[in-house]
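Use these hints to put chain B onto chain A, whose structure you have.
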Amino acid sequence: MADKSKLGWEFPVRSIEVPKNKIAEFAAAVAQMEDIDHIKEIYRDVDAARKAGYDNIPIPPTFPTCFPFWTGGGLMGILNGVGADLSKLLHAEEEYEFLAPIYAGDHITCTMKVAEMYDRGKKDRKGWYIQVTVLVTEAFNQRGELVLRARTTFMER
Amino acid sequence: MPIDFDSIAVVDSMPSYTSAPITRMHLARYAGASGDFNPLHTDETFARSIGLDSVIAHGMFIAGIAGEAVTSWIENKYLRKISVHFLSMTQPANLDDFENTRDRATVTVTGTVTDKYEENGEKRIRCEITVRDAQGGRKLKGFFVAALP
Numbered sequence: 001m002a003d004k005s006k007l008g009w010e011f012p013v014r015s016i017e018v019p020k021n022k023i024a025e026f027a028a029a030v031a032q033m034e035d036i037d038h039i040k041e042i043y044r045d046v047d048a049a050r051k052a053g054y055d056n057i058p059i060p061p062t063f064p065t066c067f068p069f070w071t072g073g074g075l076m077g078i079l080n081g082v083g084a085d086l087s088k089l090l091h092a093e094e095e096y097e098f099l100a101p102i103y104a105g106d107h108i109t110c111t112m113k114v115a116e117m118y119d120r121g122k123k124d125r126k127g128w129y130i131q132v133t134v135l136v137t138e139a140f141n142q143r144g145e146l147v148l149r150a151r152t153t154f155m156e157r
Numbered sequence: 001m002p003i004d005f006d007s008i009a010v011v012d013s014m015p016s017y018t019s020a021p022i023t024r025m026h027l028a029r030y031a032g033a034s035g036d037f038n039p040l041h042t043d044e045t046f047a048r049s050i051g052l053d054s055v056i057a058h059g060m061f062i063a064g065i066a067g068e069a070v071t072s073w074i075e076n077k078y079l080r081k082i083s084v085h086f087l088s089m090t091q092p093a094n095l096d097d098f099e100n101t102r103d104r105a106t107v108t109v110t111g112t113v114t115d116k117y118e119e120n121g122e123k124r125i126r127c128e129i130t131v132r133d134a135q136g137g138r139k140l141k142g143f144f145v146a147a148l149p
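Those sequence lines, one after another, are chains A and B.
Per our numbering, residue 1 is the first one in the first sequence, and the count goes up by one each step.
Per our numbering, residue 1 is the first one in the second sequence, and the count goes up by one each step.
So that you can see chain A by itself, here it is in the shape it has in the complex (with noise of 0.2 Å):
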């Protein structure tokens, strides 16, 4: 079960570059494609893209759920983090706020906060008690400028 301790603990911070073809990657993932050959233009040709009003080839609005893996350390990593037990996790709501646009190559810095943690229902009701854990992910691009938040909502069954 998650540690209450760590209400308020704070992930050490890391950056990563947003690889080209890890977006291709993931637009084919979530469109059920095959090859990239079939992804959306803007997500594999830096011109279409371009051509679109984007500076360079965007990601696709879900994409932002890799940050935390990659800069949290994997599921272990972030689970470890917060004391949460593999076995009995779910995830309940998941929510990003796009604030300035994130593309391919850009260098994103993470800061990701345990920002809530609280119980549902009672112990002594099999099935209703469940941890609520909230973290909240904040992500910089390489001219420090806010670009994304996002706020994760896992619970341990």
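Do not rely on the hints blindly, as some may be mistaken.
Cβ-Cβ distance ranges computed for the label pairs, FRET-style [claimed, not checked]:
(1) B:P15 - A:D35: 16 to 26 Å
(2) A:L99 - B:Y117: 10 to 20 Å
(3) A:G121 - B:E44: 24 to 34 Å
(4) A:L146 - B:F98: 39 to 49 Å
(5) B:Y117 - A:V136: 17 to 27 Å
(6) B:N94 - A:V13: 39 to 49 Å
(7) B:T18 - A:Y129: 18 to 28 Å
Facing chain A, from chain B, some residues (calculated, C-beta under 10 Å) [to be verified]:
(8) R29
(9) Y30
(10) A31
(11) S34
(12) F61
(13) A66
(14) G67
(15) S72
(16) K77
(17) L79
(18) H85
(19) F86
(20) M89
(21) Q91
(22) L95
Note that these hints are calculated values from the structure, not bench results.
The beta-carbon is built from N, C-alpha and C at its ideal position, and this holds for glycine as well.
Leaving out everything else, chain B in the frame of chain A:
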């Protein structure tokens, strides 16, 4: 046809979008693409060890399909927020029993515009989205906010 703020009205529907039947291959591909290697999504033995009948789709894979649906209608650059709440698990289709399992693994994304307003000097819409499987089971609800020209 390009979409602008004036051409959209509250209660307008987003074009619905239906996925291909989700298979374990799609989950493996999404795991690699996203970096989410929770064995719950790719390892049958782990899923059974925690009391499930099979692996289940990543919630964020279903959300990703919703994102693909949204950006098939509203250009990516106009999105300001997307928020999803997971309602139930999605089991992939079984390839050795495809006819009986494809419906649970095929999801349709629908949406309805619920608000039009100005914020931060932008003309914005709010659209509620729902994802259901082909048996009617609700998988996800949420909303997005877009700023339109």
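Indices of hints not satisfied (ascending)
Numbers 7, 21, 22 - these are the hints that the structure violates, sorted from lowest upward.
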